[in-house]
Each structure stands twice: as structure tokens, then as C-alpha cells.
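Colleague: Residue numbers (the numbering used here), protein chains in the order written: chain A, 7 to 111; chain B, 6 to 240.
List time: in silico EDC-like cross-link candidates among lysine to aspartate or glutamate, alpha-carbon distance up to 20 Å:
hint : chain 1 : residue 1 : chain 2 : residue 2
1    : A       : K72       : B       : D84
2    : B       : K15       : A       : D40
3    : B       : K97       : A       : E94
Hint data in this document are derived by calculation from the structure and do not stem from the laboratory.
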Amino acid sequence: MTEPLSNLNDLDRVIHEPSRLLLVALLSSVESADFLFLLKESRLTKGNLTVHLSRLEEAGYIQIEKSFRGKFPHTEYNITPQGLSAFEQYRKNLGTIFDIKKDSA
Amino acid sequence: MSTQIDTAIKRGRGYWFVDGFIEMFAGGLLILLGGILLLRGLAPQDSFLAQFISVAVEIAMVKVVGIFMAILVLWWLKDRFTYPRTGFIRGKRMSIVQILAFFRNGFLVLALPALGLIAAIFLLRPLQDALFSMPIWFPVGLGVICAVICVLSGEWLGLPRFRLMGALIGLTGIAAGAWQFVIGWANISVETAIYRTFASVGLLILVSGVGFLLSGVTTFLRYRKENPVPYQDEL
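Looking at chain A on its own, in the form it has when it is part of the complex (with noise of 0.2 Å):
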């Protein structure tokens, strides 16, 4: 397999998906956010919010908190080490495959 190919594969699939790296982008940020701030800033669905968390969950992006303030229960998401490595390594990677292009072109 030829250099810019390799490069190609080594992109982390679980990242590469827009929507999950736009809330590991959000993420990256801060120290924890709640469902809403990650509802409202990614204007997705309820439903594909928790699937694509569940999914970054999985693999140890990141991790779930559950409390309650006052009655009510909230739930908090934070990146993980291993998940802010892989956001930095993916943006890194990224980089060199459109370097590659630009200078094959």
C-alpha cells in the first residue's frame, strides 16, 4: 500500500463520523458539558445524540457522569485523555492526507 493510502486507513473511524467529531470538538473545550449544551450546539435528535455518545462512550472517548441537581437528574459528558489524543491525532492526520493531495495535484 502506497504512502497516502496508508495515511487514509489510519483514520479513526469512530472519530471521522461528522456528527461524533463535532461533540468530540465541543468537548475538547471544556471540562464536562451537560445533554442539553450537546443537544442544542450539534442540533441533533434526542435519539441520534444518544446513540452517537453511546458510540464515543464505547470506545473510551468519553465519560458519563450521572447527578441530580435538585430533583431533577442530570447527566454530564467528559472527554477522555484517550479521546482528546485520538481528536488531536485525527485533526493531525487529517492535515497530512490534504498535504498530500495538495502537493500531488
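With chain A held as given, fit chain B onto it using these hints.
Modeller: This is chain B only, laid out in the frame that chain A set:
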């Protein structure tokens, strides 16, 4: 795509300013401080009013300590108004190393050129000239430094309106300096120079405060229009 990712990252950073409350509070505090300074600078020296305002400045300093109370009020407001509408986030915690790096970079980018400029003024001109012309160069320097901080903060937080605020602060600083230049600074006493510096810096702070207040109110009205009621689950 990179731009959109960067925008998403900045959304988290700038979320604290999403409802305009902070700008309104900061604007109010700046108007208070700027107004006191301006009055102290313009009032006849050694008059009762000057003495009164002098005390008022000290009271204002105590009020600055009251920022802590303002933070509590802000927290209460956000808890009741903002978080139920657009959600809650916790800001990124900074490590000691990151805090030190922040202050080091701030010093290198802002304080060092400013200190260099001030040193040059004092070295190139007789000391008295530099002191008597303080009402002119001080507000200009302060305005430009604050404008740069405002614009850089806006870029980091993803808040374009801070560019406008930066321009307002910078131009007000220059205008305050120009105002003092037009009045003239030859044959004035040290006391007069200090009082006039108070007045020009007071004007700068006052106008900046009005700018922040208006920016906060505008942001708040837009936020309330976009999010009129707390989020409710669809049935």
C-alpha cells in the same frame, strides 16, 4: 472542515459570554469606576467634592472586592436563566504549568512592549516632560493595550463582537489623549497633570463600560429571542 471544528472548539470557550450577563456586569462596574475617576479629574482640586470623590474611589475599590459577590449573582442568574435554555458546561481547568505559560506569554506579548514604550518615553524626553504629558500618552497606551487584549480574547473565545469592542477602546484611548493634547500641557503643575490623567483615563473606562453594557444588552436580547423559554422534552 477545519474551520468548523475550530468554531465548535471555540463555542465551548465562549459559552460563558453567550447570554451577555458578564458584559453587562463588567460594563456596569467600569461605568462606576470610570465615572468616579472622571469626576475626580474634573472636579476643582482640594474641594469638598474632590475629597468626597476621593473617598468614593476607596469605596469603589471595596466594591471591586465585591466582584466575588457579582460572580455569585451571575451563577444564580445562569442557573435560573441560561442553563435551562441552552445547557450547562464546566470550564476547562488549567494546570499550574498552563497558568504560568499564560502569564509568561501575556507578559511577552503585552507588558514587555508597553514597558519598552514607557521606558523610551522617559529616556528620550526630560522626566518632567514625560510626567506632564502623562494625561496624553497614558490613556493612549492603556487604550491600545486593552484593545489588543480585547481583540485577542475575542479571537480565542470565538466572539467577533470583541473586535468591535477592541476598536472602540483603542479609539477612545486615542481620543482621550487627543482631548488632553488640545487642552495643552505646558506650564502645568504635577497635581494638575495627575488630575487630568484621572480624567482622561476615567473617560476611557467610562466609554468602555458603556460599550460593554450595550454589547451585553444586545447579546442578552438576541439570546432571549432565540431561546424564549427553557428547553422542554418533546412529548
